[in-house]
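J.: One-letter residues, chain by chain:
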Amino acid sequence: MSATSSGAACGVVLGIVFVLLAQQFGYLNLSGLVPAIEYLVIGAVIGGVFGALIGWGLGKRYLARHAADQAVAASSNPPPN
Amino acid sequence: MGAPVRAKVPRQATLALLLVSVVLGVFVIAPTGALAAAGAPAPHAVAAVEPAASGLSAYATWNGVNVATAANASAAFRMSFGANVTVIFYWTQASGSAPIAVDDARLQIFFFGFALGTRDITTVGAATSPLSMNNWNTGPLQYILSGTYQLTASLLATNGSTVWSQSFWVNITAPYYILALLPIVLILIAIYEVYALCTVGKYAMIGRPPKSSEPAAPTPSAPAPESAEATGSAGGTDTGGATPPGGGSS
Numbered sequence: 000m001s002a003t004s005s006g007a008a009c010g011v012v013l014g015i016v017f018v019l020l021a022q023q024f025g026y027l028n029l030s031g032l033v034p035a036i037e038y039l040v041i042g043a044v045i046g047g048v049f050g051a052l053i054g055w056g057l058g059k060r061y062l063a064r065h066a067a068d069q070a071v072a073a074s075s076n077p078p079p080n
Numbered sequence: 000m001g002a003p004v005r006a007k008v009p010r011q012a013t014l015a016l017l018l019v020s021v022v023l024g025v026f027v028i029a030p031t032g033a034l035a036a037a038g039a040p041a042p043h044a045v046a047a048v049e050p051a052a053s054g055l056s057a058y059a060t061w062n063g064v065n066v067a068t069a070a071n072a073s074a075a076f077r078m079s080f081g082a083n084v085t086v087i088f089y090w091t092q093a094s095g096s097a098p099i100a101v102d103d104a105r106l107q108i109f110f111f112g113f114a115l116g117t118r119d120i121t122t123v124g125a126a127t128s129p130l131s132m133n134n135w136n137t138g139p140l141q142y143i144l145s146g147t148y149q150l151t152a153s154l155l156a157t158n159g160s161t162v163w164s165q166s167f168w169v170n171i172t173a174p175y176y177i178l179a180l181l182p183i184v185l186i187l188i189a190i191y192e193v194y195a196l197c198t199v200g201k202y203a204m205i206g207r208p209p210k211s212s213e214p215a216a217p218t219p220s221a222p223a224p225e226s227a228e229a230t231g232s233a234g235g236t237d238t239g240g241a242t243p244p245g246g247g248s249s
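Same order as they appear, the protein sequences are chains D and E. Just so you know, we're using numbering that gives the first Met the number 0 here: the first sequence kicks off at 0 and counts up by one. Just so you know, we're using numbering that gives the first Met the number 0 here: the second sequence kicks off at 0 and counts up by one.
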């Protein structure tokens, strides 16, 4: 599972949770079945897209950081002869 | 000097991404629903009013206020935790029309299109107006749910048919807005998912070969002939005698 797909999965859950929380705080009406499903799908899609973008960015940053740490460690600890 | 600075940058970026995700959630997802709720009423948001049967004129009051005034979600009645409400059903029949015997006044609360709760006031035989539903509340649901819900008040005839109904909206508030089971669980899930999203970068290493700064050590796949003979004579790598050493077979 890549960082992008993991971020998308988290984003989908967050989108659904935000929709349900908005209903619980009185911003949304989920009394009807069809509009409720529409809101949940919209929240899941928006959350998934943003989650995938965040996961992709964090993955790239993690790789860059890991490479930089390895380079620093290699320069500070040369291999024994 | 360079390593500590490099170590701090990703943490700041993670915090920044966390803030961005929260801001996006607050300013993109929630307002979308808020605008949809506060804007022009969608077809599903309009209170469904079933016309009364011919000759029957009816209405209901919520603590003395006609429920027709809360026909939109933006004009919902507010109901605090633990409050009780009196709903009174009134109806009149026009003279000269066929009499309609009403014996049931019903109040239903809906969520996801399904009735969460139903309360009926029934009488034996035909009832006379008004019918009072005293001390109505959401019961155990008030410990679980909060938010805006659609209610339907209806009058049923003795043959079971609905002769009048009207939908209206009620905003049920939990103590301190969040002290109900569902908001608490949702907030905990959101916190966990935000944490998981912030630490999702480590998955980028999965499937990648480990990078080593040291040169690869030669593998001991080609040992010296002497050591191979010594090993074979000692029986350390013997696999049960199926392939004996070459020196011992002749």
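Please keep in mind that the hints were generated in silico from the structure rather than gathered at the bench. Keep in mind the model is a prediction, meaning the values are calculated, not measured. Quick reminder that beta carbons are idealized off the backbone N, C-alpha and C, glycines included. Among the hints, a few may not be true.
[What the hints assert, rightly or not] With the Cβ distance kept under 7 Å, some of the chain E side facing chain D (calculated, not the full set): (1) 107; (2) 111; (3) 114; (4) 119; (5) 140; (6) 142; (7) 145; (8) 184; (9) 200; (10) 203.
J.: Each hint should be assessed against the structure and marked as holding or not.
T.: To see whether the hints hold, each was checked on the structure:
1. This hint is violated: residue 107 of chain E has a C-beta 11 Å from the nearest C-beta of chain D, more than the 7 Å allowed.
2. A cut of 7 Å between beta carbons decides the hint on residue 111 of chain E: the least distance to chain D is about 5 Å, and the hint holds.
3. Look at residue 114 of chain E: its Cβ only gets to about 10 Å from chain D, farther than 7 Å, so that hint breaks.
4. The criterion of a C-beta within 7 Å of any C-beta in chain D is not met by residue 119 of chain E, whose closest approach is roughly 20 Å, and the hint is violated.
5. Hint status for residue 140 of chain E relative to chain D: violated, with the closest Cβ pair at about 12 Å, above 7 Å.
6. Hint status for residue 142 of chain E: violated, given a least beta-carbon distance of 13 Å to chain D, over 7 Å.
7. Interface hint status for residue 145 of chain E: upheld, as the beta-carbon distance to the closest one in chain D is roughly 5 Å, under 7 Å.
8. Look at residue 184 of chain E: its Cβ only gets to about 9 Å from chain D, farther than 7 Å, so that hint breaks.
9. Taking 7 Å as the C-beta cut-off, the interface hint given for residue 200 of chain E holds, the closest approach to chain D being about 3 Å.
10. The interface hint given for residue 203 of chain E is met, as the beta carbon of that residue sits about 3 Å from the closest beta carbon of chain D, less than 7 Å.
Hints 1, 3, 4, 5, 6, 8, counting from the list given before, are not met by this structure.
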